[in-house]
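Residues per chain, in single letters:
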Amino acid sequence: MSDLQTALDLLKSKYGEFDNIKLLLGAGEGMSKASIEADILRIADGIVSGEFAPQASFAEDNFAQMKVTL
Amino acid sequence: MSHHVRRLKPLLLELDEVCPLDRPVLVDAHLIPLFKKHGERESIELIPVPAAQVRGLHLGHAPSKTAVIIYPRCEIHHGGQVDGACPGCQEARYTIAKELVHCLDRKEDKTSPDHMASDLINQLVRREWSESPQAFADGWGELWAIELLARFRHRLLVRGNASVPRSLRLATAVASNNYFLLASQYGAPDDAIKRAFSDGYMDLMRTIRMTVQLPVEMPALVHAAS
Chain A
1 MSDLQTALDL LKSKYGEFDN IKLLLGAGEG MSKASIEADI LRIADGIVSG EFAPQASFAE
61 DNFAQMKVTL
Chain B
71 MSHHVRRLKP LLLELDEVCP LDRPVLVDAH LIPLFKKHGE RESIELIPVP AAQVRGLHLG
131 HAPSKTAVII YPRCEIHHGG QVDGACPGCQ EARYTIAKEL VHCLDRKEDK TSPDHMASDL
191 INQLVRREWS ESPQAFADGW GELWAIELLA RFRHRLLVRG NASVPRSLRL ATAVASNNYF
251 LLASQYGAPD DAIKRAFSDG YMDLMRTIRM TVQLPVEMPA LVHAAS
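Protein sequence lines, in the order shown, are assigned to chains A and B. The C-terminal position of the first sequence is numbered 70 in our numbering, with every residue numbered one higher than the one before it. The C-terminal position of the second sequence is numbered 296 in our numbering, with every residue numbered one higher than the one before it.
Check the hints yourself; a few may be wrong.
As the list claims (entries may be wrong) - Here are some, though not all, of the chain A residues that point toward chain B, as calculated from beta-carbon distances under 7 Å:
| hint | residue |
| --- | --- |
| 1 | Ile40 |
| 2 | Pro54 |
| 3 | Met66 |
What the hints assert, rightly or not - With a Cα cut of at most 20 Å, we get these calculated EDC-like pairs of lysine to aspartate or glutamate:
| hint | chain 1 | residue 1 | chain 2 | residue 2 |
| --- | --- | --- | --- | --- |
| 4 | A | Lys12 | B | Glu212 |
| 5 | B | Lys180 | A | Glu29 |
| 6 | B | Lys177 | A | Glu17 |
| 7 | B | Lys79 | B | Glu115 |
| 8 | A | Lys67 | B | Glu115 |
| 9 | A | Lys33 | B | Asp269 |
| 10 | B | Lys135 | A | Glu17 |
| 11 | B | Lys107 | A | Asp9 |
| 12 | B | Lys180 | B | Asp153 |
| 13 | B | Lys135 | B | Asp153 |
| 14 | B | Lys106 | A | Asp9 |
| 15 | A | Lys12 | B | Asp273 |
| 16 | B | Lys106 | A | Glu29 |
| 17 | B | Lys79 | B | Asp260 |
| 18 | B | Lys264 | B | Asp189 |
| 19 | B | Lys177 | B | Glu112 |
| 20 | A | Lys14 | B | Asp184 |
| 21 | B | Lys107 | B | Glu87 |
| 22 | B | Lys135 | B | Glu145 |
| 23 | B | Lys177 | B | Glu87 |
| 24 | A | Lys14 | B | Asp98 |
If you're looking for bench data, these hints aren't it; they were derived computationally from the structure. Even glycine gets a Cβ: it sits at the ideal position worked out from N, Cα and C.
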């Protein structure tokens with residue numbers, strides 16, 4: 001089984017089915033299908049194990065006080 | 071290309087109602103509620119992870135009205151307050167915005183797990199955005215992330231015209247090829263902001279907006295000295 005398939009199975013076990021999966025890749029050198037699949041597996045492992053947890057809120061209170069000036 | 075902006079049009083209009091042009095667009099206060107409403111999602115979960123080759127990931131399931139968005143956490147401000155001038159925070163905001171856009175994908179834009187395994191990753195690695203509707207939608211997500219965080223009509227003000235002078239921040243950025251000050255204001259990455267202000271990109275966005283009758287005129291509500 002490929003890293004990607006393993007990752008998708010892990011994510012399905014946590015969240016159920018998906019009908020849309022989208023990726024944003026970095027601009028670094030040396031990217032390949034295999035290395036990206038391995039990275040997705042790293043993320044899936046971390047989510048399922050609880051190492052990567054949902055963020056309760058995205059704290060932007062300080063930023064919200066700013067003005068976009070000219 | 072126009073179907074993406076047709077889907078986004080009501081959201082873009084409402085964004086300008088809930089967030090004045092001279093205020094930064096916020097992920098939690100503005101974007102998440104708007105994408106829940108217009109993307110018909112009851113739940114949008116944000117999961118920060120250490121950055122690597124995969125910068126962002128959107129996992130969506132329209133029938134259950136859920137979306138999970140994985141984004142690169144800022145190693146300096148993770149768990150604390152977002153800093154608009156911090157590249158890590160900018161990257162996080164930009165990635166979330168890009169992945170939120172996919173809550174509005176049409177059926178033909180969506181990437182199934184099978185398609186992702188067979189074709190999409192290779193297309194994305196080779197930057198072949200036009201290879202399939204799914205890869206195309208991925209590319210457009212990045213453009214719309216710019217529009218969400220650095221709105222077109224505010225960019226018109228910054229660029230100026232015969233009656234409103236070009237902002238000093240933009241003049242400085244162009245002269246030095248350093249967009250840090252502008253990027254800090256929008257809380258978006260320097261390279262995205264540089265692209266946003268380029269002539270070609272502004273012309274493209276003007277054309278796209280005109281096709282769906284989104285406003286393309288310079289607003290009067292922000293004063294140059296504000």
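So which of those numbered hints doesn't the model satisfy? 4, 5, 7, 8, 9, 11, 12, 13, 14, 15, 16, 17, 18, 22, 23, 24
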